[in-house]
Amino acid sequence: MEIVKAVGLKKYYITDTYEVRALDGVTFFAEAGEFVAIVGTSGSGKTTLLNMIGGLDVPTEGGIWIRGNSLKDMEAEERTVFRRRNIGFVFQQYNLVPVLSVYENIVLPLRLDGAGIDGAFFDEVTALLSIREQLDRLPQMLSGGQQQRAAIARALMTKPAILLADEPTGSLDSVTSMEVVGLLRSCAERFHQTVIVVTHQEEVAQMADRVVRIEDGRICGHEGTVTEEEGISGNIPLIRGRDR
Amino acid sequence: MYMEAVAALAGLAAGASAVYVRQRRCRERELEEIAGLIEKILNEQRIEASSSGEETLYAKIENRLVRVQESMQGRTDAAERSRDEIKRLISEIAHQMRTPLANVETYLGLMLEGLTEEDLTEETAAEYADAMKRSAKKLHFLAENFIKMSRLEHHIIQIRKEDADILRTVRNALGQIHSQAEEKGIAFEVTLSGAAACLHDPNWLGEAVYNLLDNAVKYSLPDGRVEVTVSVNEMFLKIQVRDFGIGIEPGEENALFQRFYRGKRVTVQEGFGIGLYLAREIVNLHGGFIAVRRMREGIMMEIDLPVGNLF
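Order-wise, the sequence lines are chains A and B.
For the first sequence, position 46 matches number 46 in this note's numbering, and the numbering has no gaps at all.
For the second sequence, position 282 matches number 282 in this note's numbering, and the numbering has no gaps at all.
In case anyone wonders, no lab produced these hints; they're calculated from the structure.
Note that CB positions come from ideal geometry on N, CA and C, so glycine has one too.
Any given hint might turn out to be false.
Quick list of in silico lysine-lysine cross-link-like pairs, BS3-like style, CA-CA up to 30 Å [stated by the list, open to error]: (1) A/K159 - B/K40; (2) A/K159 - A/K5; (3) B/K161 - A/K159; (4) B/K40 - A/K72.
Label pairs and their calculated CB-CB ranges [as the list claims (entries may be wrong)]: (5) B/M295 - A/R218: 30 to 40 Å; (6) B/I93 - A/G25: 34 to 44 Å; (7) A/E104 - B/V19: 35 to 45 Å; (8) B/E44 - A/D16: 49 to 59 Å; (9) A/G25 - B/L192: 49 to 59 Å; (10) A/S70 - B/S82: 30 to 40 Å; (11) B/E48 - A/K10: 23 to 33 Å.
Okay, chain B solo, but in the shape it has when bound (with noise of 0.2 Å):
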């Protein structure tokens, strides 16, 4: 009886570890394919999951690092993507700065030539010098531009939040866009309230809120109005611009805010369809969003910023 206990105890014991051994060899098996899997991607070799139905740790491991991979690479197509995007708006740009180069150039070379044969008139060179004038306006604009897509180009776009007043910011910005509303004859209906706690970045902010301002001003017609609002639910914070200028024809609210597009309904105004493109990057680097929404007359841009501190 005694003995017969013994035989069981030891059988018991050897199946065991019989048991333990062969499954520390298959985990450790496990491990190294692992280690292989890894080895792989650090030498930027596609992986493949093999376990994808199972329901093993095993199977999950494998899954995530499938995925790992997929994130890094991802990240590599689109960086590539986004650089070839910007050298090309690059030379376009240089291209585009010849034209009024060359015009300022050549109205220089014709004062200068009138001054030296003394026949210039007075109004000979007024007229020069507005060429130039305007001249200098787009070369203005296009350096603008440039400097803007250089900070795309290099991700220099980092957002510093601050505990900044929100309601200066969008001022600040009504202040900047205020001499072109004159010019244009644009009144702005503004309407602050509740002055909410919001984490922001003064500076990218402001320059997203002033770029829905100068597109409301720009595609308002002559002695127009645009409101301006800001206001506060449990969630958000909204800062909505309301215009009721040219409008966009109905299906265009996600391809305005991609990079270089122009609505179907502009003309002559000028622009390079990039305002809204860095507005939204700037806004969802702050974790919130900004939206557009058709009206019979015009349209009604609204960032929406979460009220909290996680983002």
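Next comes chain A alone, as it looks inside the complex (with noise of 0.2 Å):
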């Protein structure tokens, strides 16, 4: 069952002295639960991707659907109640508020949805990040892995269907990196939740499901679930994932 799709994504920035085109003819689909990394280096599109797929930007042309919602034919206050239901966003930069604290950072989704704090959930979200012996501190008195750890907690806090996250560990070594990620697949896991994470990072992408190629606004190649006939065979390594 198809939660996030999107059908023939076309983003064009044309002026009259140049011509960008940032995706040109993108179809991507990301089933319930998955865990789907996109993989591209800078330029290739993937953020851009992202930006559509979190409703954060309106495509030039072609269609997106989240969870069978078409994107397109909402109103930008529709889309921002749509988002704040729905989907989770983890940055690179944390994106933490500095004169709030962890706590205040944390809770601040639900705050702003009007919506009482699951005291219970927010104890076991916490402890699962780590970060319970920060909350009452500001978020430049944490380390890197830590504030992205907050920042997870945040994006976790209304419980959203979907996770997006734009190179979570880009500000990260390598060693928290990973600790990173993988809390972000445990997290997701356990709350039965889709993730889609963009980064250049082969490393980062292992954790996924099924890891999706993306260069000069196009998709360039799938990997994931094995089929039967390329598998079974034995050393066949090219692998296919869900060609639509």
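Two chains, two frames, a set of hints: combine them into the complex.
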């Protein structure tokens, strides 16, 4: 069952002097509960794609559906509410509010939604991410890894169906990176969420169920669940993902 | 004056009760609709959220119900896919078993014939016996994998965490790989530091660690070395297995953990490509994760287990 469906996405920036094709006809799917990595170099269009999926940006052409709802047909306000209910974001720069404590940062989305704070859930998530000791500190007092874990806790607080992460480990060292991605995966599995991570690092992509490669605004490869013909015969290396 | 006050109050009261009644009817209607949605879910009919954009409680409930259905459907789909894949693997293994079985039968037949006709030399007998031994080994290998796959199929991977000594679990796995390593001349350099309390299932986790060690030995060059380290940081207990063997291609990191995947650089080494898959399932069930890092020579496999009692 597809939770994210993007068909023929195009994003062009055209002026009199130049033409940039950030996305040039991208078709992408994600099933509920999957952990998908979108891998590409800088400028490949991966962040643009993620922003489309998250409803933060609109395509020049093409359609995008989250759980059967077309984002294009929504008014800006409708999209905002929809996003708040269904999607959680994790960014490379953590984006924690510097004047609020870690605790306040984490519960901010709930406060904005006018929702109550589920104490037990809060305890569970902060313990899973090992940031209970830092709750009353300001973000700048935390290490990079701790800040990112706080950002993940914030993204999880509203219990979204989908988690989108844009280079979540870009500002972290290699050891912390693995831990953060591992945690992202564990949490998503535990709470039955779909995760889409954009990254340029293969090491990060390995945690995914499926890897989608993007280059110059186009999808150029899939790796994922092995099909019977290729897998059983033994040494055949390349595996096919979900081609549509 | 008095009459007006009473009239005003009566008006208010009437207005308030009208609002109250109307609200109640609204709520009742919504509850009925929700009951209808739940009924549909139970009857396995697809439901759709009609009011996603609204800020009402009803919209929230509807949204959650759709997600419940998706979650249920997702599990059914996954189970079906899993069953199909297992069926294929089983038929493949069964097919592969036929050859070594046939071999054993053939050589046994030849031996018996030779004995009956009394023209069986010691040399020939030794040859036949050797051929049978090799086939038996292959059968054993296939049977082992068959058992592993059955466990997966029936979801018999039930992790029972105990307060066991993780260092002991790792040592046991090392013990199991010992003879295989010796045969190939592989030396193990082991650093076990900080015995942290780490709730785990010693049998299953031991198997996961063993699979990593098995791969390290299998894909190492003869007379090579393998480094095993156990360490702890504020969040995780790490078990690292570093080999200096054939390694993997860039970009293979993800594929390595997929079922039935064999590395691109694999040539003669035997295997079905399920050791790492199984290891990852086991480690995930422990609430941890497993990662691979390409090194200049060989690879580094790492198991991270949360220290703490949450999972």
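Hint check results:
Distance restraint check for A/K159 and B/K40: the Cα-Cα separation of roughly 24 Å lies within the 30 Å cut-off, and the hinted pair is therefore satisfied. Between A/K159 and A/K5 the alpha-carbon distance is near 21 Å, which keeps this suggested pair within the 30 Å criterion. Of the pairs offered as hints, the one joining B/K161 and A/K159 holds, with about 27 Å between alpha carbons and a cut-off of 30 Å not exceeded. Between the alpha carbons of B/K40 and A/K72 the distance comes to roughly 29 Å, so the proposed pair stays at or under 30 Å and holds.
At roughly 32 Å, the beta carbons of B/M295 and A/R218 sit within the given window of 30 to 40 Å. For the pair B/I93 and A/G25, the supplied restraint of 34 to 44 Å holds, since their beta-carbon distance comes to about 42 Å. In this structure the supplied range 35 to 45 Å holds for A/E104 paired with B/V19, their Cβ-Cβ distance being about 38 Å. In this structure, B/E44 and A/D16 meet the distance hint of 49 to 59 Å, their C-beta atoms being roughly 56 Å apart.
Look at A/G25 against B/L192: about 54 Å separates their beta carbons, and that is inside 49 to 59 Å. For the pair A/S70 and B/S82, the supplied restraint of 30 to 40 Å holds, since their beta-carbon distance comes to about 32 Å. The given range of 23 to 33 Å is respected by B/E48 and A/K10, whose C-beta atoms sit roughly 28 Å from each other.
In terms of the numbered hints stated before, the structure departs from none.
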